[in-house]
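Undergrad: The sequence shown begins at 230 in the working numbering and counts up by one.
Label pairs and their in silico Cβ distance ranges: (1) PRO575 / GLU353: 43 to 51 Å; (2) SER244 / LEU276: 40 to 48 Å; (3) ASN341 / ARG441: 46 to 54 Å.
I should point out that these hints are in silico values taken from the structure, not numbers from a laboratory. Everything numeric in this text was worked out from a predicted model, so none of it was measured. In this text, a Cβ means the ideal position worked out from N, Cα and C, and glycines have one as well.
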Amino acid sequence: MVGLAALGEKHHRLSSATLDHLVRDARHRTLDLVQDLADRDLELPKLDIVNPIRWELGHVAHFFEVFFLDLLGKHERLLPGADEMYDSFKVAHEDRWSLPLPDRDGTLAYMNRVLELVLERLGEAEPGPAATYLALLGTLHEDMHGEALTYTRQTLGYPRPVFEASPVPAGGPCPGEVEIPGGNYRLGASPEAPFVFDNEKWSHHVELAPYRIARAPVTNEEFAAFVDEGGFLERRFWSYEGWVWRSATDLRCPRYWVRSESGWLERDFDRYAPLAPFKPVVHVSWFEAEAYCNWAGRRLPSEAEWELAASSMEKHPFPWGVEPPTPERANLDSHHLGTVDVGAFPASDSAFGCRQMIGNVWEWTASAFYPFPGFVVDFPYREYSAPWFGYHKVLRGGAWATRSRLISNTYRNFFLPHRGDVLAGFRTCARRAQ
Numbered sequence: 230m231v232g233l234a235a236l237g238e239k240h241h242r243l244s245s246a247t248l249d250h251l252v253r254d255a256r257h258r259t260l261d262l263v264q265d266l267a268d269r270d271l272e273l274p275k276l277d278i279v280n281p282i283r284w285e286l287g288h289v290a291h292f293f294e295v296f297f298l299d300l301l302g303k304h305e306r307l308l309p310g311a312d313e314m315y316d317s318f319k320v321a322h323e324d325r326w327s328l329p330l331p332d333r334d335g336t337l338a339y340m341n342r343v344l345e346l347v348l349e350r351l352g353e354a355e356p357g358p359a360a361t362y363l364a365l366l367g368t369l370h371e372d373m374h375g376e377a378l379t380y381t382r383q384t385l386g387y388p389r390p391v392f393e394a395s396p397v398p399a400g401g402p403c404p405g406e407v408e409i410p411g412g413n414y415r416l417g418a419s420p421e422a423p424f425v426f427d428n429e430k431w432s433h434h435v436e437l438a439p440y441r442i443a444r445a446p447v448t449n450e451e452f453a454a455f456v457d458e459g460g461f462l463e464r465r466f467w468s469y470e471g472w473v474w475r476s477a478t479d480l481r482c483p484r485y486w487v488r489s490e491s492g493w494l495e496r497d498f499d500r501y502a503p504l505a506p507f508k509p510v511v512h513v514s515w516f517e518a519e520a521y522c523n524w525a526g527r528r529l530p531s532e533a534e535w536e537l538a539a540s541s542m543e544k545h546p547f548p549w550g551v552e553p554p555t556p557e558r559a560n561l562d563s564h565h566l567g568t569v570d571v572g573a574f575p576a577s578d579s580a581f582g583c584r585q586m587i588g589n590v591w592e593w594t595a596s597a598f599y600p601f602p603g604f605v606v607d608f609p610y611r612e613y614s615a616p617w618f619g620y621h622k623v624l625r626g627g628a629w630a631t632r633s634r635l636i637s638n639t640y641r642n643f644f645l646p647h648r649g650d651v652l653a654g655f656r657t658c659a660r661r662a663q
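Work out the full structure, taking the sequences as your base and the hints as a guide.
TA: And the structure:
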């Protein structure tokens with residue numbers, strides 16, 4: 230398969246024990262996300278923004294079969310028909326509800342058997358670069374589906390995941406904006422990075438004019454002013470595509486907001502609570518972010534502007550420098566089971582003074598999802614990025630349910646512009662002088 234030969238000596242190696250821990254940890258999180266759900270809760274209505282939960286569970290195991298066990302040696306399928314059920318590019322989304330999927334016990338048994346074989350293969354010898362890369366690919370892929378299961382629970386109004394939550398840090402607002410001098414910046418990941426996805430390859434020069442960007446994402450309080458002034462019903466704030474979408478959905482406020490006699494309420498999984506003024510607005514689409522910017526006389530940053538504000542000219546992997554994320558620096562790993570105020574985590578500030586550019590909420594950018602110059606399909610998971618170029622918008626930074634091992638300043642997420650079910654918010658830039 231294309232890509233395996235490219236995983237040569239330049240790629241990092243991790244010990245068998247480290248990879249064993251990462252693979253197990255991802256699987257534990259996946260199972261924890263569904264362990265409290267009754268069998269009836271696994272039978273979902275057919276929606277274009279969720280997958281059947283039993284399909285999603287089988288899919289993450291099948292991914293390890295295909296992209297780890299198969300690529301590292303001859304492997305017989307553990308479940309007859311697995312490719313026809315779980316290959317996301319062979320099975321159309323709308324067909325996943327009619328597949329002859331194993332029941333809950335059968336699905337868990339399949340997952341456990343795949344996990345046993347993966348760990349057995351990792352324990353045979355210290356993994357080389359290819360085995361390291363493929364184990365990380367499977368782990369991070371499962372992490373992405375864990376986040377998807379999290380916002381699926383929100384979509385369906387299920388209770389919060391049964392995790393132990395940490396105390397919420399002090400917060401409040403984080404007003405103001407910072408001046409970014411611009412200049413010649415290298416956008417994207419470098420070959421020295423421990424692990425990169427295909428769409429991050431490779432860093433290349435972009436020239437950026439000076440700009441001003443908000444220190445923090447737009448808050449609920451700020452977005453509520455747009456809603457209260459009728460922004461959802463004012464055609465002039467919306468692009469043509471955005472207005473067509475808003476009209477078709479008849480959306481008049483963010484999808485999980487409800488107006489009460491005492492003010493706005495927001496649904497958090499299965500409960501409603503008063504809108505927290507200084508938390509970032511979340512579960513808003515790119516179209517809604519664009520409309521807010523037009524109302525506020527602002528704009529969304531390009532992904533290059535976002536990355537520069539997060540990493541500085543020195544090209545740090547994280548806003549605060551080179552050290553990986555910790556619970557003191559970023560709201561990740563579901564530690565708080567939700568967003569926190571935009572003023573929290575002062576230790577997360579970038580060199581320019583932007584806060585929470587990693588964690589809390591994904592941030593929409595103005596940029597369409599396109600390949601970087603010189604992009605080639607040399608990645609084992611060939612369908613990860615290429616089918617989506619041109620149709621999606623880029624998000625950066627990660628959210629509260631994103632795993633800390635997945636995210637960095639160069640990581641590119643991408644969704645269609647109408648998707649507001651994901652854990653997405655945004656920050657704004659000053660408009661350029663005409």
